[in-house]
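All residue numbers for the sequence shown refer to my numbering, where the first residue is 87 and numbers rise by one.
To be clear, the hints were calculated from the coordinates, so they are not data collected in a lab. Idealized CB from N, CA, C, for every residue including glycine. Incorrect hints may have been included.
[What the hints assert, rightly or not] Straight-line distance between alpha carbons at most 20 Å, and here's what the computed DMTMM-like set of lysine to aspartate or glutamate pairs gives: (1) Lys-93 to Glu-121; (2) Lys-106 to Glu-95; (3) Lys-89 to Glu-121; (4) Lys-89 to Asp-127; (5) Lys-93 to Asp-145; (6) Lys-141 to Glu-110; (7) Lys-141 to Asp-127; (8) Lys-106 to Asp-134; (9) Lys-106 to Asp-127.
[What the hints assert, rightly or not] What follows is a set of in silico ranges between Cβ atoms, one per label pair, in the way DEER data are often shown: (10) Leu-148 to Ala-118: 32 to 38 Å; (11) Ala-142 to Asn-91: 22 to 28 Å; (12) Glu-98 to Leu-150: 35 to 41 Å; (13) Cys-119 to Glu-98: 29 to 35 Å; (14) His-152 to Glu-110: 21 to 27 Å.
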Amino acid sequence: LVKSNRKAEGGELLRGGVLKLWEERDLPICAACTELPLAYDASGLPQDRTVSSLKALCDACLKLLHS
């Protein structure tokens, strides 16, 4: 859905799955591809409960660039 520019729909679907997972375990969500971080952003879920692969890659590239 994200690749089809339907992030809101993707976010809704992801939200349901994440809330179900959190019923089982209270752990952060690892959004480890290019679409999941975007869907997570659209889900309305708290940002401090996810690890974004996009942000991690960006941070690592900036760190390397400025070292």
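Checked hints:
1. Lys-93 to Glu-121: It holds: about 9 Å lies between the C-alpha atoms, which stays within 20 Å.
2. Lys-106 to Glu-95: The hint holds at about 17 Å.
3. Lys-89 to Glu-121: Holds, at about 7 Å.
4. Lys-89 to Asp-127: Measuring from Cα to Cα gives roughly 14 Å; hence the hint holds.
5. Lys-93 to Asp-145: violated (23 Å)
6. Lys-141 to Glu-110: violated (26 Å)
7. Lys-141 to Asp-127: holds (12 Å)
8. Lys-106 to Asp-134: The hint holds at about 18 Å.
9. Lys-106 to Asp-127: holds (18 Å)
10. Leu-148 to Ala-118: 32 to 38 Å: violated (19 Å)
11. Ala-142 to Asn-91: 22 to 28 Å: Given about 24 Å between the Cβ atoms, the range holds.
12. Glu-98 to Leu-150: 35 to 41 Å: Holds - the Cβ-Cβ distance for Glu-98 and Leu-150, about 36 Å, lies within 35 to 41 Å.
13. Cys-119 to Glu-98: 29 to 35 Å: Distance hint for Cys-119, Glu-98 is violated at roughly 18 Å.
14. His-152 to Glu-110: 21 to 27 Å: violated (40 Å)
Going through the hint list in order, the structure does not satisfy hints 5, 6, 10, 13, 14.
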